[in-house]
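Since chain A is already given, all that's left is putting chain B on it; use the hints.
Here the protein sequences line up with chains A and B, keeping their order. Just so we're aligned: the first sequence equals residues 1 to 118 in our numbering. Just so we're aligned: the second sequence equals residues 1 to 115 in our numbering.
Simulated from the structure, these hints should not be mistaken for lab results. Backbone N, C-alpha and C fix where the C-beta goes; we use that ideal spot for every residue, glycine too. Check the hints yourself; a few may be wrong.
Unchecked claim - Far from chain A, some chain B residues (derived; all Cβ distances over 12 Å):
| hint | residue |
| --- | --- |
| 1 | 9 |
| 2 | 12 |
| 3 | 14 |
| 4 | 16 |
| 5 | 19 |
| 6 | 26 |
| 7 | 30 |
| 8 | 63 |
| 9 | 67 |
| 10 | 72 |
| 11 | 73 |
| 12 | 76 |
| 13 | 84 |
| 14 | 86 |
| 15 | 87 |
Said to hold, decoys possible - Capping the alpha-carbon separation at 30 Å, the derived lysine-lysine pairs in DSS-like fashion look like this:
| hint | chain 1 | residue 1 | chain 2 | residue 2 |
| --- | --- | --- | --- | --- |
| 16 | B | 16 | B | 102 |
| 17 | A | 20 | A | 55 |
| 18 | A | 66 | B | 3 |
| 19 | B | 114 | A | 41 |
| 20 | B | 16 | A | 55 |
Said to hold, decoys possible - With the C-beta cut set under 10 Å, the calculated list includes, among others, these residues of chain A facing chain B:
| hint | residue |
| --- | --- |
| 21 | 57 |
| 22 | 58 |
| 23 | 67 |
| 24 | 95 |
| 25 | 111 |
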Amino acid sequence: GAVVSQHPSRVICKSGTSVKIECRSLDFQATTMFWYRQFPKQSLMLMATSNEGSKATYEQGVEKDKFLINHASLTLSTLTVTSAHPEDSSFYICSAKGPIGLPGNTIYFGEGSWLTVV
Amino acid sequence: AQKITQTQPGMFVQEKEAVTLDCTYDTSDPSYGLFWYKQPSSGEMIFLIYQGSYDQQNATEGRYSLNFQKARKSANLVISASQLGDSAMYFCAILLGPDGNKLVFGAGTILRVKS
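If we strip away everything but chain A, and leave its shape as in the complex, we get (with noise of 0.2 Å):
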């Protein structure tokens, strides 16, 4: 089945550093990626909706200059950390709408980033 990935897994940067999260669809093209983060035990939150060749569009109460989304192609989007704090410190993962044919089967998430800010 279609794959989505998610890279890094887990990732430990310094309180004021800049990391980024690449979410890649592996063997179909994904003109529409989500990004969401998780705090334990809570929901996935949308964070972006991010579309290929155009800006993201965010949800009400995100930073669109804390959290840089791109999607340069149809097969990679990241999501750029700015300023890393603590408090940013989640699960952030992804997913990627394949091609219009298999309802049921149009959502892929990737694996999920752990983030942690010291």
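For chain B alone, coordinates are given in the frame of chain A:
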């Protein structure tokens, strides 16, 4: 407002028995899709089952079935013959919008299967 509600923070079920996880939704969109995902402690999101708003029959996938009651706006997940490996967090999600560009999740239900 469009939202999705899972009222059971946690559930216990005896191994080999069936369990129903509740999900209700609220949308004015005529076209939408409903998903159930399983999230084990590793964090990965495992797709379980999908129901389209225009589907006439309830979706089934192996031990998973979806009790879709459109008029009540509910999409409960039924897991039959529970296994210890079913212990995980379960999320209901709704795909909204004319292009299906927004997937919104419920709060989740933690399921624990007892031996």
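Taking the hints in turn, this is what the structure says about them:
1. 9: violated, 9 Å
2. 12: holds, 17 Å
3. 14: holds, 23 Å
4. 16: Answer for residue 16 of chain B: holds, closest chain A Cβ roughly 27 Å.
5. 19: holds, 20 Å
6. 26: The claim holds: residue 26 of chain B sits with its nearest Cβ about 16 Å from chain A, beyond 12 Å.
7. 30: Non-interface label on residue 30 of chain B holds, nearest chain A Cβ at 15 Å vs cutoff 12 Å.
8. 63: holds, 16 Å
9. 67: Given a closest Cβ separation of 16 Å, the condition holds.
10. 72: Nearest chain A Cβ is 22 Å from residue 72 of chain B, so the label holds.
11. 73: holds, 19 Å
12. 76: Label holds. Min Cβ-Cβ 17 Å, cutoff 12 Å.
13. 84: It holds; residue 84 of chain B is separated from chain A by about 20 Å at its closest Cβ, greater than 12 Å.
14. 86: The claim stands: residue 86 of chain B keeps its Cβ more than 12 Å from every Cβ of chain A (closest is about 18 Å).
15. 87: At roughly 14 Å from the nearest Cβ of chain A, residue 87 of chain B sits farther out than 12 Å, so the non-interface label holds.
16. B:16 - B:102: violated, 36 Å
17. A:20 - A:55: holds, 17 Å
18. A:66 - B:3: holds, 26 Å
19. B:114 - A:41: holds, 20 Å
20. B:16 - A:55: violated, 49 Å
21. 57: holds, 8 Å
22. 58: Nearest chain B Cβ about 13 Å off; hint violated.
23. 67: Since chain B brings no Cβ nearer than about 17 Å to residue 67 of chain A, farther than 10 Å, the hint is violated.
24. 95: Check passed: Cβ of residue 95 of chain A comes within 7 Å of chain B, closer than 10 Å.
25. 111: holds, 5 Å
Checked against the numbered hints above, the structure violates hints 1, 16, 20, 22, 23; every other hint is satisfied.
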